[in-house]
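**Q** Given next are the chains, with one letter for each unit.
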Amino acid sequence: MKRLLLAAAALIAAPIYAETIAITGGTVAIGDGSQPIRGGTVVVANGRIVAAGAGVAVPAGARVIDASGKWVSPGIVAGVSTLGLMEGYGMDEVNDTAASKSPFSAAIDVSTAINPDGQRIATERSSGITRAFVFPAAANTMFAGQGAVIDLGADGDPLTRARAFQYVELGEDGAGPGGGSRPAAYVLLKTALAAAANPASADFAHRDALITRQDAEALGPVVRGTMPLLVHVERASDIRSVLALKARWPALRLVLVGATEGWMVARDIAAAGVPVIAAALVDLPEKFETMAATQSNVGRMARAGVTVAISNADISEGPYESYLTQYAGNLVALTRVPGAQGLDWGAAMASITSKPAAAIGMDGEIGSLRPGRRGDVVIWDGDPLELASAPTAIFVDGVAQPMTSRQTRLRDRYLDPVEKNLPKAYER
Amino acid sequence: MVFNKLGYPIVLALALTACANSGTAAPKSASDDPPPGKGKGFDHDPFPSTYRAYPGVPTAIIHATVYDGEGGRINDGTVVLSDGKVAAIGAADLAIPQGATVIDGTGKWVTPGVIDVHSHLGDYPSPQVKALSDGNEATAPVTAQVWAEHSVWPQDPGFSRALANGGVTTLQILPGSANLFGGRSVTLKNVYARTVQGMKFPGAPYGLKMACGENPKRVYGGKNREPSTRMGNVAVDRQTWMKAVEYKRKWDKYESKGGEPPARDVAMDTLMGVLDGEILVHNHCYRADEMAIVLDMAREFGYKVTAFHHAVEAYKIADLLRDRGTCAVVWADWYGFKMESYDGIPENLAILQKAGACAMIHSDDQNGIQRLNQEVAKALASGRRAGIGISDEQAWTWLAINPARALGIADRTGSLKPGKMGDVVLWNGNPLSVYTRPEKVWIDGAMLYDADNPRLRPVSDFELGQPGEGDVK
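Protein chains in written order, with our numbering: chain S, 17 to 444; chain L, 3 to 475.
The following block holds chain S by itself, in its conformation from the complex:
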């Protein structure tokens, strides 16, 4: 009961009051896969989207923001992120993603440690990111733990949904923590799910028990289908093995993460109704399990009917949520490359807004400008997927966000690097 109450509290954590806003005259991207609408209006009240599109009336008393010549979109949703959980790589002291010395794995709950005040949240927010799925990293088993959905608002309450999903590594990254091989990880996964389904049958006291009672309890909602199970796999054969889990546990709400060879089994994924949070542009066999990598992966899966979001999974270019719009734009670029398969603009925009939300069953709550969604709105100075574009205004839950960050402060201090009458430390 207590857990249910906490979950309910998390769901209504948005500010009770936020002003009524009407953003008019801009090119509006709803984020649901539709094409942008010129001269549209977006209305936000009480922290939620009221309406968006053409011919939307401005409510009396609304604060009107003229977005003529600009673009308006839902806030970007970062489908694989460590925001709030680590301040940077190479700094163990401020990295809470992995716990190799803990007896726990699946039971780990990142929502207890989200820090909304680190520099990354404000910096990434200024690129138009308003929500993120925060992932733990697997360490002592291939179960990484329970991830959270957060907002990037400048307030002390980052949680949108605690324990929003369980994350598990299979494939190459799961073989090690799973005991040393793929089949070892697979049998541990099945053992753990069986223990979760029937805790009374499990022998947690045995000294060789690989997961604890707490881990098994954390997996209860997974086997009951109330918590999505996000599975990181790349290889086509590994994807087939994951899809096969549904035969024994039909309630599982599987989501594939990465899925670089997904195009090879796209029809199977579509038939299983399993969504994918894909690695956006991975096109190299950086691992043997990504041998068939191609930037057309996302487009091919989408064409086969798979719900595909893109993310920072597997990218080597730093953990920057700000790159998501660039990756989505690249998927549009592929539509002009002979033989390649990309996404049209509306689908590309959806791949970083409503699709990640849909993958974990939250597209009724976030990820688009459809009525009733959280009031996460970004006004851009141009096409949001273009490299030169940037937000000019950002709203989270209908609340206008500051547009400054440590980066803008450093920029302002050093636009002219030469010291004047006082050291740089006095310029602020």
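Hints may contain errors.
[Said to hold, decoys possible] Under 8 Å between C-beta atoms, here's a sample of chain L residues computed to sit facing chain S:
(1) Pro-129
(2) Gln-130
(3) Leu-134
(4) Val-283
(5) Ala-320
(6) Phe-339
(7) Lys-340
(8) Ile-347
(9) Glu-349
(10) Leu-434
(11) Ser-435
(12) Arg-439
(13) Asp-473
Think of the hints as simulated: they come from the structure by calculation, not from any bench.
All values reported here derive from a predicted model rather than from experimental measurement.
The C-beta atom is built at its ideal place from N, Cα and C for all residues, glycine as well.
Keeping the supplied structure of chain S fixed, place chain L upon it in accordance with the hints.
**A** Below, chain L without anything else, positioned relative to chain S:
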């Protein structure tokens, strides 16, 4: 013993003969040798390039927007390639040679090939298995003796992606940054070959990879060895340069006055090359204060730092870098992935440009190298939002003539000046747009990528016969 006593001088003598081109008679003894002359005491090019340009046809691209790579722009421009070179560049009225293949570039852009001054393709190739991890000789903090070309795997699939998606025609492969002195770099044409010699950019000077900051102190501090601190880094650096100065003094004396040749040392050969200005220093360094220390150390020992790589805080000392003539090689917007990158800002490139410092983009990444044009577009836009006015064609210098200068090859490539190598990209739109990709890429006038022709899409040995072979990537 026999080998040591006799073999060494004979090999050396042969090398001297070859180098000095001084007839066929073997000298009676070393002491009778005439002085070989500066830089001729031993072979400086024992692994010479065997790269040869592939055949091309005379080609004229017309009605395209042209960025010449040096800051110039021609709307409705014409670029003519012949004999592997840029033959001419001009406006719509430029004469087109008889028989040239004419390509309509309406709505498209022509630029010089992209140059990545910082890559680990081949020495950290795909797949990233331990057996192919050859980028860091992390067994001692000073490994100036290693040469990156001896680690480069020419079958790295990454070269093909850099070509097809990034329009990269030239790239420098560096050793990693675990060590203070990481070893020699090598500059390659982005053309697959059976051997690394077959990829080497003919006549490009070597580079020396150095590193300051977190990496060396972490790697060796972690082994409870010197250096474990930044002051340890600089101490080991200076001690090493002192040895190099002494080595050079001996070789200078021998090469100018003759006598017994000093003992060779592979590491010291490289450092002497730096002190002689023959090898260019590429120094991995993030923080402004550390770059300033390195610049003073270079002055102490009489060498020049050609470029600081990564340089996320270069914007804080843009004036100092300008005054010392040292380039900053940076990402568009990487920040916060380690403590020394905590202060990275996306205006870095633009602030450097505004200050008049030499600046350029780099990837250091097998994915980023596929999108350097996009990285430039982001850095440019960030600068403009901060009020720094830079034109598109000026920004293109960040991946053309500026990296060519940092690599010492600006007389041969890096811009569309007539007589330079025919390293050219035809883009299917504005290359500073996210929606644009290379349509055709020429290297030395040979078309080696064509989006419209699946046969002009390289497939490395590693990918041959594998799932996805020949797929668009």
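**Q** Run every hint past the structure and note whether it holds.
**A** Evaluated hints:
1. Given hint, Pro-129 (chain L) at the interface with chain S, holds; its Cβ is 5 Å from that chain's nearest Cβ, closer than 8 Å.
2. At about 5 Å, the closest approach between the beta carbon of Gln-130 (chain L) and any beta carbon in chain S falls short of 8 Å, and the interface hint on this residue holds.
3. Violation of the interface hint for Leu-134 (chain L) is found here, the shortest Cβ-Cβ separation to chain S being roughly 11 Å, above the 8 Å cut-off.
4. With a cut of 8 Å, the hint placing Val-283 (chain L) at the interface with chain S is violated, because the nearest CB-to-CB distance is about 23 Å.
5. Interface restraint check: Ala-320 (chain L) against chain S, minimum CB-CB distance 5 Å, threshold 8 Å, status holds.
6. For Phe-339 (chain L), the interface hint holds, since its Cβ comes within 8 Å of a Cβ in chain S; the closest pair sits about 5 Å apart.
7. The interface hint given for Lys-340 (chain L) holds, since its Cβ lies 3 Å from the closest Cβ of chain S, which is under the 8 Å cut-off.
8. Of the supplied interface hints, the one on Ile-347 (chain L) holds, with its beta-carbon coming within about 5 Å of a beta-carbon of chain S, less than 8 Å.
9. The closest approach between the C-beta of Glu-349 (chain L) and any C-beta of chain S is roughly 5 Å, which is under the 8 Å cut-off, so the hint is satisfied.
10. A least Cβ separation of about 7 Å between Leu-434 (chain L) and chain S falls short of the 8 Å threshold, and the interface hint therefore holds.
11. Nearest Cβ of chain S to the Cβ of Ser-435 (chain L): about 7 Å, under the 8 Å cut. The hint holds.
12. Checking Arg-439 (chain L) against chain S: minimum C-beta separation of about 5 Å stays under 8 Å; hint holds.
13. Interface restraint check: Asp-473 (chain L) against chain S, minimum CB-CB distance 5 Å, threshold 8 Å, status holds.
In the structure shown, a violation is registered for the earlier hints numbered 3 and 4, in ascending order.
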